[in-house]
Amino acid sequence: MAAVVGVVVFPGSNCELDVVEAVGALGGEGRLLWHGDTSLGGVDAVVLPGGFAHGDYLRPGAIARFSPIMAAVGEHAAAGGPLVGICNGFQVLTEAGLLPGALQKNAGLKFLCRPERLRVEAGDTALSTGVDVGTELTIPINHFEGNYTCEPETLAELRGDDRIVFRYVDNPNGSVDDIAGICSAGRNVVGLMPHPERASHALLGSTDGLPLLRSLLVTAGALTG
Amino acid sequence: MAPAIYAEAMQFSVLVETRLRTGVADPQGATIERSLPALGFDGVSGVRVGKAFRFTVEAADEAAARAEVDDMCRRFLTNPVIEDATISVAAGAPA
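Residue numbers (this note's numbering), protein chains in the order written: chain V, 3 to 227; chain C, 315 to 409.
Please note that a few of the clues may not be correct.
[What the hints assert, rightly or not] Footprint (simulated), chain C over chain V, 3 or more residues, beta carbon under 8 Å:
hint: 1; region: 98 to 107
hint: 2; region: 200 to 210
[Unchecked claim] Below 25 Å or equal to it, Euclidean Cα-Cα: the simulated SDA-like pairs (lysine to any residue) are:
hint: 3; chain 1: V; residue 1: K112; chain 2: C; residue 2: A339
hint: 4; chain 1: C; residue 1: K365; chain 2: V; residue 2: I65
hint: 5; chain 1: V; residue 1: K112; chain 2: C; residue 2: E347
hint: 6; chain 1: C; residue 1: K365; chain 2: C; residue 2: D398
hint: 7; chain 1: V; residue 1: K112; chain 2: C; residue 2: G406
hint: 8; chain 1: V; residue 1: K112; chain 2: C; residue 2: R348
hint: 9; chain 1: V; residue 1: K112; chain 2: C; residue 2: G343
hint: 10; chain 1: V; residue 1: K112; chain 2: C; residue 2: G337
hint: 11; chain 1: C; residue 1: K365; chain 2: V; residue 2: L114
hint: 12; chain 1: V; residue 1: K112; chain 2: C; residue 2: A407
hint: 13; chain 1: C; residue 1: K365; chain 2: V; residue 2: R121
hint: 14; chain 1: V; residue 1: K112; chain 2: C; residue 2: K365
hint: 15; chain 1: V; residue 1: K112; chain 2: C; residue 2: A405
hint: 16; chain 1: V; residue 1: K112; chain 2: C; residue 2: R333
hint: 17; chain 1: V; residue 1: K112; chain 2: C; residue 2: G364
hint: 18; chain 1: C; residue 1: K365; chain 2: V; residue 2: A74
hint: 19; chain 1: C; residue 1: K365; chain 2: V; residue 2: F113
hint: 20; chain 1: V; residue 1: K112; chain 2: C; residue 2: Q342
hint: 21; chain 1: V; residue 1: K112; chain 2: C; residue 2: E397
hint: 22; chain 1: V; residue 1: K112; chain 2: C; residue 2: V363
hint: 23; chain 1: V; residue 1: K112; chain 2: C; residue 2: P341
hint: 24; chain 1: V; residue 1: K112; chain 2: C; residue 2: V395
hint: 25; chain 1: V; residue 1: K112; chain 2: C; residue 2: G360
hint: 26; chain 1: C; residue 1: K365; chain 2: V; residue 2: L206
hint: 27; chain 1: V; residue 1: K112; chain 2: C; residue 2: V361
[To be verified] Simulated restraints on C-beta separations:
hint: 28; chain 1: V; residue 1: F68; chain 2: C; residue 2: D375; range: 37 to 47 Å
hint: 29; chain 1: C; residue 1: I346; chain 2: V; residue 2: L114; range: 16 to 26 Å
hint: 30; chain 1: V; residue 1: G76; chain 2: C; residue 2: K365; range: 39 to 49 Å
None of these hints come from the bench; they were simulated from the model.
Cβ atoms here follow ideal geometry from the backbone N, Cα and C, with glycine treated the same way.
Chain V with its partners taken away, still in its complex shape (with noise of 0.2 Å):
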């Protein structure tokens, strides 16, 4: 059975269906979850997409944290299930406290909107499960909050236990040790600002994003087994 990623659509989310056809392609089944429900339907994995959450007011992801779904994506998380912040996901699940740090403005002050190279630092993530380390990939980045910060100790922590999953070969925005993507300590949340289903088809540019989705279908099949 294909294993199921369920994509949460926030108002002002983007992108959701560019993961569900992403997801579709590898051979898995993407589907769509309201923010506004309190269930995830028995989905293997989540997605929380990119976009602009509740208009990003406050502060991006500041009130998506108290969808009435986000329970339901904690005990997920809680439980060991794949969990991937893309993008505003990404601000999200730092707001929500599912992964430590915050993402503040760009250090240019500047929406960056542009392919941008990655280093896969860590292999054994949600997102990066047979994914060599040392792999470079080109994967858009689009936002304007993804200067990534955290506490020196949180900083120590994520490099010691290895929790850093993806670093700018160009440092764009400013993030602290050129952080682009970070994992939980359970390795099965993922939060990164570049969008991979945005390089899932040759047509887009690039299929750099293919060996990330791939990923999480893996770790999404074997948790059902």
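Based on these hints, arrange chain C on the given structure of chain V.
Only chain C this time, still in chain V's reference frame:
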């Protein structure tokens, strides 16, 4: 009817100011600071950009109002990883 004494809730006007914590880079503040000399404002330093929230809360007393706003700041109005808040509470509805 049995006499009952209810604590009268008072109104407090609240001002919460949030800003990026010391040590957290503030690119907006830095950009504004760099722009000021172009308008002839020399000698300005330490520009930090934040937000202000004004609202009214009902509470039994000022300590209770402040405790509620503290909690609100910690859980919602600020992201404690990068932001600080200062809270002002005054008795009475805003003029």
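Evaluated hints:
Here's how the region 98 to 107 of chain V fares: 5 of its residues keep a CB closer than 8 Å to some CB of chain C, so the rule of at least three is met and the hint holds. Against chain C, the region 200 to 210 of chain V contributes 0 residues with a C-beta closer than 8 Å to a partner C-beta. That does not satisfy the three-residue criterion, and the hint is violated. Among the hinted pairs, K112 (chain V) with A339 (chain C) is consistent with the structure: their alpha-carbon atoms are about 15 Å apart, no more than 25 Å. Pair hint K365 (chain C) plus I65 (chain V) holds up; C-alpha atoms about 16 Å apart against a cutoff of 25 Å.
Between the alpha carbons of K112 (chain V) and E347 (chain C) the distance comes to roughly 17 Å, so the proposed pair stays at or under 25 Å and holds. The suggested pairing of K365 (chain C) with D398 (chain C) holds, with an alpha-carbon distance near 11 Å, which does not exceed 25 Å. Only pairs whose Cα atoms come within 25 Å are accepted, and K112 (chain V) paired with G406 (chain C) is rejected, the gap being roughly 42 Å. Only pairs whose Cα atoms come within 25 Å are accepted, and K112 (chain V) paired with R348 (chain C) is accepted, the gap being roughly 16 Å.
Between K112 (chain V) and G343 (chain C) the alpha-carbon distance is near 14 Å, which keeps this suggested pair within the 25 Å criterion. For the given pair, K112 (chain V) sits about 21 Å from G337 (chain C) by alpha-carbon distance, which is consistent with the 25 Å threshold. At most 25 Å may separate the alpha-carbon atoms for a hinted pair to count; K365 (chain C) and L114 (chain V) meet this at roughly 24 Å. Only pairs whose Cα atoms come within 25 Å are accepted, and K112 (chain V) paired with A407 (chain C) is rejected, the gap being roughly 40 Å.
A hinted pair counts as satisfied when its Cα atoms are at most 25 Å apart, and K365 (chain C) with R121 (chain V) does not qualify at roughly 36 Å. A distance of roughly 20 Å separates the Cα atoms of K112 (chain V) and K365 (chain C); the hinted pair therefore holds under the 25 Å criterion. For a cut-off of 25 Å, the pair hint linking K112 (chain V) to A405 (chain C) is broken: about 42 Å separates their Cα positions. Our distance criterion of 25 Å between C-alpha atoms is met by K112 (chain V) and R333 (chain C), whose separation comes to about 20 Å.
Annotation: proposed proximity of K112 (chain V) to G364 (chain C) holds, straight-line Cα distance about 18 Å (limit 25 Å). Our distance criterion of 25 Å between C-alpha atoms is broken by K365 (chain C) and A74 (chain V), whose separation comes to about 32 Å. With a C-alpha separation of about 21 Å, the suggested pair K365 (chain C) and F113 (chain V) falls inside the 25 Å cut-off, and the hint holds. Of the pairs offered as hints, the one joining K112 (chain V) and Q342 (chain C) holds, with about 11 Å between alpha carbons and a cut-off of 25 Å not exceeded.
This hinted pair checks out: K112 (chain V) and E397 (chain C) have alpha carbons roughly 21 Å apart, not beyond 25 Å. Only pairs whose Cα atoms come within 25 Å are accepted, and K112 (chain V) paired with V363 (chain C) is accepted, the gap being roughly 17 Å. For the hint pairing K112 (chain V) with P341 (chain C), the CA-to-CA distance comes to about 10 Å; that is within 25 Å, so the pair holds. Simply put, K112 (chain V) and V395 (chain C) have alpha-carbon atoms about 22 Å apart, close enough for the 25 Å limit, and the pair holds.
Straight-line distance between C-alpha atoms of K112 (chain V) and G360 (chain C) comes to about 22 Å, which keeps the hinted pair within the 25 Å bound. Straight-line distance between C-alpha atoms of K365 (chain C) and L206 (chain V) comes to about 39 Å, which puts the hinted pair past the 25 Å bound. Only pairs whose Cα atoms come within 25 Å are accepted, and K112 (chain V) paired with V361 (chain C) is accepted, the gap being roughly 19 Å. With their beta carbons about 28 Å apart, F68 (chain V) and D375 (chain C) fall outside the hinted range of 37 to 47 Å.
As the Cβ distance of I346 (chain C) to L114 (chain V) is approximately 21 Å, the hint placing it in 16 to 26 Å holds. A beta carbon spacing of about 27 Å between G76 (chain V) and K365 (chain C) contradicts the range 39 to 49 Å that was offered as a hint.
When each numbered hint is compared with the structure, violations occur for hints 2, 7, 12, 13, 15, 18, 26, 28, 30.
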